[in-house]
Structures are given as C-alpha cells and as structure tokens.
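Counting from 1, one number per residue, gives the positions in the sequence shown under our numbering.
Treat each hint with caution, since some may be false.
Unchecked claim - Distance ranges between label pairs, derived from CB positions:
hint, residue 1, residue 2, range
1, G284, D105, 45 to 51 Å
2, K180, A73, 35 to 41 Å
3, Y6, R219, 33 to 39 Å
4, G284, A264, 19 to 25 Å
It is worth saying that the hints were derived from the structure and are not from the lab.
Note that the Cβ used here is the ideal one computed from N, Cα and C, for glycine as well.
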Amino acid sequence: MSRYRYGAYEDGPDPLAPPYDVRDALDALGDSVLEGTRPEDALREMLRRGLPGARGRRGLDDLLRQVRERRRALRERGRLDGTLEEVRRLLDTAIGQERAELFPDPGDDARLREAELETLPDDTAQAVRRLSDYDWRSDAARETFQQLRDLLRDDVLDAQFQGMKQALQSQDPRAVQRVKDMMAALNGMLDRDARGEHTQRDFEEFMREYGDFFPDDPRDLEELVDSLARRAAATDRLLASLSPEQRAELADLMRQAMQDAGLAMEMTRLGDALRARRPDLGWGRPEQMTGDAPLGVGDATTALAELADLAGLEEALGQDYPGARLDDIDEDAVRRALGRRAVDDLAELRRIEAELERQGYLERDRGRLELTPKAVRRLGETALRRVFSQLAAGRQGDHDQRDAGQAGELTGSSRPWRFGDEQPLDVVRTVGNAITRSAMEAVPAAGPAGAPAPVVRLHVDDFEVHETERRTAAAVCLLVDLSYSMVLRGAWAVAKQTTLALHTLVTSRYPQDAIKIIGFSNYARELHPTEMAGLEWDMVQGTNLHHALMIAGRHLDRHPDFEPIVLVVTDGEPTAHLRPDGRSWFDYPPSADTLVLTMAEVDRMTRRGAGLNFFMLADDRRLVSFVEEVARRNGGRVFAPDAQRLGEYVVSDYLRVRRGRRR
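Could you build all of it, start to finish, from the sequences and the hints given here?
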C-alpha cells in the first residue's frame, strides 16, 4: 500500500483560504481618516502596519525590519580579504616546501634558488608574478603553487559568474576552454545588441549552449545583463572596501589570473560593457564588513551583491521619497532576500491598495486620494455597529427595523393593494380572494370522479395589505463643535464617528426622517457625510452656536409637520456670534452680545417645540452654567459623557426622543 505524508502548504498563499475582505482594510483606513489624517497618508500608514483581520498580512515595517536584520547578519558574516589571506598561506606553504627540498642539496644551484626565494618582494602579487616562471624543484611546491593559481582563477571567475567555481572544479579538461568560448559569445551578443541587431532567438541559442553557467536562469538578455552587472559592481565595491595596499595586491592577482587563463581581454570587454549599461549600481562604493571569518572573492562578491540589493530594497520599502508607490518594490529582490512568504505579503498589500480603488472605496481627484460616498457609508455602518456594541444589554440594543418604509403599527384591518404601497402584505386575505375568484370562474358541471382540484392562480386584484397607523417623521439636527479645542481634548475623531453613526442610523433605519449635520467653529455650515469623514481641523477661534442654531432653525422650518430633534455636541460655551453684516465676531470671555443672540435662538427653538439636548465634552464652569440656563429656558436635557462614549449617548438619546415622540 502507498503511504502519504501531509504537511503545511508552503508554495504560496493558501488556495483554500477565503478571499481577504477589503472592508476590514477600509475600516482600519477610516479610523485614521477620522482622526484627521489625509486618506493618502492613512493608506500609507496602514500598509506600513500591515492588514487587520484574522488573515492579516505583515506590513512594510515588518519587511523592512527583516531586511535590516539580514543586512546586519551579512555584514557580520566575514571579512573581505579572505582570498588574499589564502593566497599568502599557499604561497608561504609552497616556498617552505621548496626550501625543504633545496636544503639537503649542497650544490650551487640550490643556493642560488634559495637566494632567489629570499629576495622575493613582500607584496604578494609581485611575489606570485616572480614565481610564475620559477622552475620548482619540489613537486609538492609545484602542486601547491598551481593550487594557488587555480584558486585565483576560480575565485575571479566566480566573482563575475556565480557558480563558475563549481564548473571549473569539475574534471572536464575542456572547462576552461568552454569558459573562453562562453565569454566570447557573450561579448559578441552584447556588441550586436548595442548595434540593435540582437534578437531573443540569439539569446535562447546562447542559453542552450551555456545555460549551465547561469544558475539563476535569466529569461532574456536584460535579465542576464542585470545579474552580471550586479556581481561586477559588487566586485568593484569589494576592491574599494579594502585598504589601498590590499586593493593593489588583489587587483594585481586578479589580472594575473585572467592573463594566465587567457581571459583578460574578454573580461575587460565584459566589465566595460556592463558598467556602461548599468552605471546606477554604485560602482566603487565601499562597504563595511565586521565579521571574523575570511571570505573568498566569490563569496565576498555574493555577500556584497546581496548587501546592495538589500540597500535598494530598504529604500523602496521605506517609501520615504516623493511619489513612492508599492510598484517601486522589486518583487524579485524581495524573493531573493526574504523568501516566498514576503512576496505573498507584498502581493497582498498591493492587491488591497488596488482593490480599494477598484471596488469604489477610494478615488483619485487631481492626484489626491479621496474617500468615495460608498466608503463613507461603510464607515458610518461601522461606527453605528460599534455604538450598538457598546450599548448595555437590555437597553436599546440592536435596533433592527422590522417594518420597513412608512408603515407604523397595524390597525387590524386590510385594504386592496395599490401601486406604491409599502404596508405589509395580508397573505390570508390575498389567498382567500384568489380562491374565491377561482371558484366563481370554475365551470358549474362536476368533473369526473378523482379529477384533480383546480389550480389557484394569484391575480393582481387579489392582493391586500394591512392598514397601519401613520408613523411620525422627525426633523433631526446634529450640531457638532469643530473648534480646535475639540482636537486638543481628543474628541475630534469621536465627534466625526458619532456624526457618521447617527447619519447612517437615520438614513438606513428611519428613512422618513430628515437629518441635517451642522458643524460650527467661527462660522457654522452644513456638512455632508463625505465631507465630514475627511474633514481637517482649522486653527480658528470661536464657538459660534448662534449661527449653528440659525441654520438648524431653517431646517426645522422647512419640515413643519415633522417632530423636531436637536442635538448639540460641544466642549465650550459660545464665544462668537454672527453680526448683521454676516461676519463672525469673536470675544473671550464671551461678550454680552454673543450670549444674548445665542439665547434668542434658543428661545426660537423653544417656540418651535424643539428641545435642545446638550452633550458636554468638558466640565468647564462657564460651559456648565450656560447649558444649565439653556435647559431651564428650553426644557432640554444635559449629558456629560466620556468622549469615547459620545456615540452611545447621542444615538441612544435620538432613539429615546424619537420613540417618546411617536408614543
């Protein structure tokens, strides 16, 4: 029998997981917008933090932290002079082996050779150059010196072509010749491309012949050039990171290795072509490595190439430059540096940004990102849901509207349905009418025994609806203080959430009501929900309740048959009023004119039968005194809620007043 082993799915996102709900991201975005953040900045902040919800993805900050940790680990991986150290070790070993061979020989030739070894220069590269033509007496020394030369050749080629060392260390005698042929073909292909004669077919033929030298499997010449240029630039940074003496020695050794292999000219051509094509890769920029382990040229080049990738990735993930977008982040660089899971996280961040626009929650207006009315409705629903979740059980809990439209309480009678009726259907009377009509239309002669009963079909004239009492509509005014003190007291976002929650409640559960949102600071003005969601505060002086009550009064006068409901949210007493010329006048402490004119509007509200319910967000002595006087003259109620419970108080009071009016 076959055996199967099961484990976690690791090849990307879970294919069976439900799709990400973009509304959760919108709610998180909306919280920042209601705090006063611009939608574009709020979106950027959400992408930095990551997505909310059970399937939340890591944000840019998490990916950025991983990149920085990876850079630190790479810097601590080793030091860059490993090849020089290994060459010196092999050189000393070869010289020691040669001396051991010469010491027992009493002849003059042996003494001359010893003298030549004694006069070798301290510079490793020059010593290697001097010994390149030396006739070794010791077979072991000759083998060690050849090992040194092979090391240089392999490391230099590995620095340019990742994985080349493994190919050259194979026992294939044609390996070096294949490298020569590959480099000649590569330079020829680059020359043809510079003349505009290169084709994709040329590249595919090149890869069929020499693809084993390129383990990253580039798809076209541009990808191949990018890979080779990154390593060439990393080799250049390796030399720039060494001391001047080390740099001169290693550069000389690398030139010798290429000359000995017959590759010097082709390598120079390739390096010049890559530098010309990609001058943006930071050629010659030094890098600090702090590790203790010596790294060969190939390994050091790989580390420096990765460090360069991480530096670019860190800048892209930071998104701190003008016009930054998630599309600027190189997905291949993310995969190389952080793995597949990070690519999935990035893809999810990109998708949610696009989905918010595609599904109509965000739109760009003259280059600025703005919330759409659809998004504001969603924020209002969320704010209302949060308010209801705060209400204590057994109080006004979940206020589902079970009799939609204009219908009220049932009277017990019914009437024929007319087009446009929204009253509930009287099913019993409707079916009874259909049966009666069908019986009257049936043929009097009895049918054969066992014949099926006639089918009852509903006709439009059969339908009847329940009669209901007319439900009283309400004219609702919510007056919200927009002065800068609301920001200072931390009530700005709560006031906006409360406004959206009440507006959503009225328009969705009580559509027959007419609601007006009025914001006031030095002046008062009507606010639409879309405007309220993205409203930014103004550092102006004045709490012009006088002007706000005037606008509210006009709204009530336009609906004389509606029950008036006026709710006022403020954290300070009136300090401004509207002058006859239409200009605002501010004075603190409040002037007598401000108080007299404001109280005059309160008295007009009282004559309209509109009670003023105040929600105080501060316990200032002047404010308390003012609202107590309003309550005495108007008969309204005064609340002093905690700012975080403002929505609960306002919505509950609206429902209480409305239900009381209906009864």
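**OP:** Could you work out which earlier hints the structure fails to respect and list their numbers in ascending sequence?
**Re:** none
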